[in-house]
Amino acid sequence: MSVLVFVNPNEGIFPKSALEVSTYGAKVAKMLGVDCHAVTYGNVSDAELARIGNHGVKAIHRASGLDQPDNGQLSKVISTAADACGASVIVCSHDLVGKAVAPRLSVRLKAGLVTGVNALPNTDGGFSVTKPVFSGKAFATERILTETKVLSLMANSIPPEEIGGTAAVQELSGEFGTKKVTVKEIKKYSGSIALPDAERVVSAGRGLKGPENWGMIEDLANELGAATACSRPVADIGWRPHHEHVGQTGVAIRPNLYFAIGISGAIQHLAGVNGSKVIVVINNDPDAPFFKAADYGVVGDAFVVVPKLIEALKSFKG
Amino acid sequence: MKLLVCISKVPDTTTKIAFTDGDTKLDEKDVQFIVNPYDEWYALVRALELKEAQGGSVTTITVGGPDHDPIIRKALAIGADDAVRVDAKAQDAYYTAFQIADYAKDKSFDLILLGKETIDYNGSQVGGMLAEMLDLPFVSLGSKLDIADGKATVETDISGGSEVLEVQLPCVISAAKGMAEQRIPNMRGIMAARTKPLNVQAPADVTPLTTITKYTLPPSKAGVKLVDPEHMEELVRLLHEEAKAI
Ligand SMILES: Cc1cc2nc3c(=O)[nH]c(=O)nc-3n(C[C@H](O)[C@H](O)[C@H](O)COP(=O)(O)OP(=O)(O)OC[C@H]3O[C@@H](n4cnc5c(N)ncnc54)[C@H](O)[C@@H]3O)c2cc1C
Ligand SMILES: Nc1ncnc2c1ncn2[C@@H]1O[C@H](COP(=O)(O)O)[C@@H](O)[C@H]1O
Chain A
1 MSVLVFVNPN
11 EGIFPKSALE
21 VSTYGAKVAK
31 MLGVDCHAVT
41 YGNVSDAELA
51 RIGNHGVKAI
61 HRASGLDQPD
71 NGQLSKVIST
81 AADACGASVI
91 VCSHDLVGKA
101 VAPRLSVRLK
111 AGLVTGVNAL
121 PNTDGGFSVT
131 KPVFSGKAFA
141 TERILTETKV
151 LSLMANSIPP
161 EEIGGTAAVQ
171 ELSGEFGTKK
181 VTVKEIKKYS
191 GSIALPDAER
201 VVSAGRGLKG
211 PENWGMIEDL
221 ANELGAATAC
231 SRPVADIGWR
241 PHHEHVGQTG
251 VAIRPNLYFA
261 IGISGAIQHL
271 AGVNGSKVIV
281 VINNDPDAPF
291 FKAADYGVVG
301 DAFVVVPKLI
311 EALKSFKG
Chain B
1 MKLLVCISKV
11 PDTTTKIAFT
21 DGDTKLDEKD
31 VQFIVNPYDE
41 WYALVRALEL
51 KEAQGGSVTT
61 ITVGGPDHDP
71 IIRKALAIGA
81 DDAVRVDAKA
91 QDAYYTAFQI
101 ADYAKDKSFD
111 LILLGKETID
121 YNGSQVGGML
131 AEMLDLPFVS
141 LGSKLDIADG
151 KATVETDISG
161 GSEVLEVQLP
171 CVISAAKGMA
181 EQRIPNMRGI
191 MAARTKPLNV
201 QAPADVTPLT
211 TITKYTLPPS
221 KAGVKLVDPE
231 HMEELVRLLH
241 EEAKAI
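The listed protein sequences derive, respectively, from chains A and B.
Residue numbers 1 to 318, in the working numbering, belong to the letters of the first sequence in order.
Residue numbers 1 to 246, in the working numbering, belong to the letters of the second sequence in order.
Same shape as in the complex, but just chain A:
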């Protein structure tokens, strides 16, 4: 028996999410008294693979021949590795790839799936795990009824832990099928930090009055090393690009620090940001609903407060 984590390299590098699932998998393996294995694919350097070992994984199965596999192929790669190491629990990241692969895997292995889990399972007399539901307004505890379990882990649910271990790497061979979904083109947004990965986010809403006023928002984001985001109406009227829209119908994020500037705090907006660790609200209306969801608040005019905050950050950094 073992726990198996799927670590997905991005251009040969393991992102933070891969270190999070490794740490999570290693902890579940410890609870069950078994080893944690990992499965990956493609051309990844030994140094990168060593980082996975350093986060608690004992063995890595790598299908090195695959290049940009689609989700059908990946589910075959993972299930082949699961067979090879007798995995009873399989963990993916709850990201674009994980959201496509985990459900396929669940059907392939007839293994119950819980997506977007945010905590370690409870293994007393069964296997239960919690996840946010109703767009973060509540949590559900789900029990998995099958022998084999599949989980996808919500980002920022567990800090990666380096434990100084090493992992043996072995080649994974098998029949992984043909590629049905091909990548034609990749477009990169210029310069900015990608929103779903950002540790800090500075977000602004209709209170900013117009797109010409976003300069100070970008300056604040730069000062903090943060990504920029916005409320839905701001993206809908075209003040900001659509990929910056956060909330129930936009991107859901859970950064360590979220600044909401001139955003009223409608429930659909909160649904996409209420997983943030620390929320700071700047709004000139003391009755803005967002203050109820905030850790820190500043009642004031954004056009006065934000420049002052930028100055304060500059002198803090010296």
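Note that these hints are calculated values from the structure, not bench results.
Every residue, glycine too, gets a C-beta built ideally from N, C-alpha and C.
DEER-style ranges, computed between Cβ atoms:
#  : chain 1 : residue 1 : chain 2 : residue 2 : range
1  : B       : 188       : A       : 125       : 51 to 59 Å
2  : B       : 30        : A       : 12        : 49 to 57 Å
3  : A       : 189       : B       : 148       : 21 to 29 Å
4  : A       : 314       : B       : 135       : 57 to 65 Å
5  : A       : 11        : B       : 208       : 32 to 40 Å
6  : B       : 148       : A       : 242       : 17 to 25 Å
7  : A       : 179       : B       : 52        : 25 to 33 Å
8  : A       : 165       : B       : 24        : 37 to 45 Å
9  : A       : 13        : B       : 24        : 40 to 48 Å
10 : B       : 161       : A       : 31        : 32 to 40 Å
11 : B       : 107       : A       : 284       : 53 to 61 Å
12 : A       : 284       : B       : 195       : 47 to 55 Å
13 : A       : 285       : B       : 107       : 49 to 57 Å
Simulated coverage check for chain A against chain B, where a stretch passes if three residues somewhere in it have a Cβ under 8 Å from a Cβ of chain B:
#  : region
14 : 67 to 74
15 : 264 to 271
Using the hints, position chain B with the ligands against chain A.
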């Protein structure tokens, strides 16, 4: 082109969430139910646009009891040709996907569209499961979709950008924001929906793989700490020393 769109029922986005029966069930008192926004605004509307441009038919499918009929009629009012309801409570995503797969397996749909997730359970499960059950390719979270020469071109947002994917029909695609614009049903659509076929089917026999045992509400925030707008150095200090966020 033969299109199938999966339609689910969810509490309205402004619902105040509370639970009953020892925190095992959503308290449905005063809850308004709507079509899951991703299913309605994006998957269904894009399916209708494709049909209008290229011909064909749009069928919807819903797994649920008779209480789902109002939201199914709404989908018909927006423009779907006919609807199927599998008469069973959706127990988990596996159960739901199995019912849809069982219906679709011998109907040769060219394209099956779903929402990226339901806004109640936030699963993102049914689409991938359905694709695996039907042995079809799957593209998740499409924000743009075009069909030409028997191929789908789908754009999806990736970290820091977007990618354009190509896949042969038939396939399963889940829809995210951007794929279409919301359509408000007009009077004629609402009248027509009353007489469009809504076929009720008995469920296939399958056991769910997971079950929800309890709901909990998040701990309430300690309360906002207000900082004087004149003293932003105080906010910086709090974020550094107290919140340890910078
Ligand atoms: C089904 C559905 C889904 C939705 N999904 C989303 C979603 O995903 N994301 C989302 O964001 N919204 C979503 N919405 C919209 C949401 O309900 C709100 O309408 C929206 O979030 C409001 O945006 P806002 O706060 O920028 O604007 P407003 O509500 O207009 O608020 C502007 C705020 O700025 C403040 N302000 C004004 N001037 C200043 C100043 N000088 N300094 C400081 N503050 C100032 C005001 O006091 C006010 O609080 C959805 C709505 C529906 C019905
Ligand atoms: N009971 C249901 N009946 C029909 N389709 C459903 C049902 N539940 C979910 N779906 C579809 O599957 C998508 C993803 O749902 P989920 O995997 O539950 O997040 C939804 O957006 C719907 O398109």
